[in-house]
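**Q** Sequence:
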Amino acid sequence: MIRTGGFQSLLYLRRRQAAIIAIALLVTGSNWDSEFIEISVPLRDGRFYSQREFVAQCNRLLGASRSIATVPPGESELTGADRAALLLAAETGLLQLRIEQDRLLLRIPSPQDDRQRHSQRRKLERLFGTPLPDWPDGQGMHLPKDFDPSARTVLLLHGLESNRHAMQRLSQSLSNAGFQVLDFDYPNDGPLAWSGDRLSLELKQLGASHSELRLAIVAHSMGGLVARHCLEAPGINPACVTDLFTLGTPHHGSRLAVAQEWLELLFQSLPIVGTRSDTWADGLGEAAIDLTPGSRFLTQLNGRGLAPHVKYHVAIGRKGLITAEKSNAVREQLRAALARRGTPSALLDRLLQLADCNELLAGRGDGAVSVDSAHLPGATSTRIFDLNHWEFLSVPAAGHTEIEVARWVVETLNSEQAGGRGR
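Our numbering puts the first residue of the sequence shown at 1, with every later residue one more than the last.
Bear in mind the hints are in silico, worked out from the structure with no lab data behind them.
Predicted model, so just to flag it, every value in this text is computed and none were measured.
Mixed in with the good hints, there may be bad ones.
[Stated by the list, open to error] Once the Cα atoms are required to be at most 30 Å apart in a straight line, the calculated DSS-like pairs of lysine-lysine come out as:
no.: 1; residue 1: Lys145; residue 2: Lys204
no.: 2; residue 1: Lys204; residue 2: Lys311
no.: 3; residue 1: Lys145; residue 2: Lys311
Working from the sequences, and respecting the hints, build out all of it.
**A** Here you go:
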């Protein structure tokens with residue numbers, strides 16, 4: 001619902017985006033010939049309710065898996081705007097509704113399979129403004145079979161449109177250097193705070209079982225923001241993390257995140273970009289909102305200050321996809337390609353602006369994140385690499401046998417150990 005402290009993807013949606021969601025609610029009908037399930041939410045004074053109670057019922061009835069510990073305590077207000085949204089949903093057949101002085105009663109069609117359960121959860125998320133995640137099997141924390149909490153440990157977090165398997169080369173390099181490697185898989189389409197909350201919860205659980213555990217997090221791209229939320233949001237720091245390495249993380253957002261509808265055309269017109277240009281173009285769901293420069297998520301994150309007792313190490317790439325020497329030629333190539341497609345002039349201007357954005361230009365960005373955005377004020381150390389966004393995780397060129405970033409991580413942690421910090 002639209003209120004302070006609610007679901008981030010609704011809290012600061014632009015009017016256009018809010019309209020899209022409203023249309024989606026209107027056109028998604030329900031079959032009331034089926035059985036229904038009933039959600040009964042206690043109200044105080046006809047307008048205050050507990051999000052924890054609501055989430056607990058959705059966990060039980062719809063198979064959501066959100067930990068109650070990650071739900072803000074206290075009460076939320078059922079505002080006039082919220083009531084209007086619920087009434088609209090009832091009018092369009094999405095649910096049956098009764099609002100009483102002491103209770104909000106919702107009836108929704110009983111889902112017949114996992115796909116319908118997922119759909120029902122998403123509708124309730126939009127209406128109530130609270131995430132109801134269903135973490136797919138295999139996501140979350142992954143530990144080696146011979147996990148040793150006293151070993152030197154690194155936790156890997158993947159980035160955009162990715163998963164833990166994309167980190168395998170980096171994982172192997174760190175393992176070869178004597179580190180125990182864990183990883184954390186999370187969905188790409190949910191709010192970053194949600195993934196950060198889950199990471200915190202799992203690290204706290206692991207730390208409670210193994211009080212001696214200390215680890216460094218190495219996070220690529222968007223994973224760095226998930227890690228920062230885990231470490232910096234009030235009251236959720238798991239207290240077992242000594243270092244955070246961010247690799248090409250958009251600490252201040254990326255212009256590419258808000259231009260997904262145009263990026264596919266841009267990349268199709270630029271064969272020089274290569275095979276990994278789909279990072280932003282495939283669509284990021286709610287994550288795209290969080291990654292927008294100036295978003296509520298980034299404003300809150302960067303307004304808190306870095307976590308005490310954690311050393312931050314920042315890797316910045318500057319090997320963009322378009323060189324300064326080729327930028328004019330690329331613009332003309334793009335203009336001609338789009339003209340052949342009959343692209344409207346307004347869209348053509350937007351695409352040509354994208355071709356000049358710092359995220360894509362060599363020396364100013366790594367192909368996905370600008371140099372300025374990858375900087376983190378207050379970091380313990382910062383290093384510039386002549387790598388693009390994807391080479392952070394791979395051997396960059398023929399003749400190389402080692403991931404450059406892995407060597408930097410190992411040298412940094414070894415130096416800290418030699419200086420008497422860590423194990």
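**Q** Are there hints from earlier that the structure breaks, and if so, what are their numbers?
**A** Of the numbered hints, all hold.
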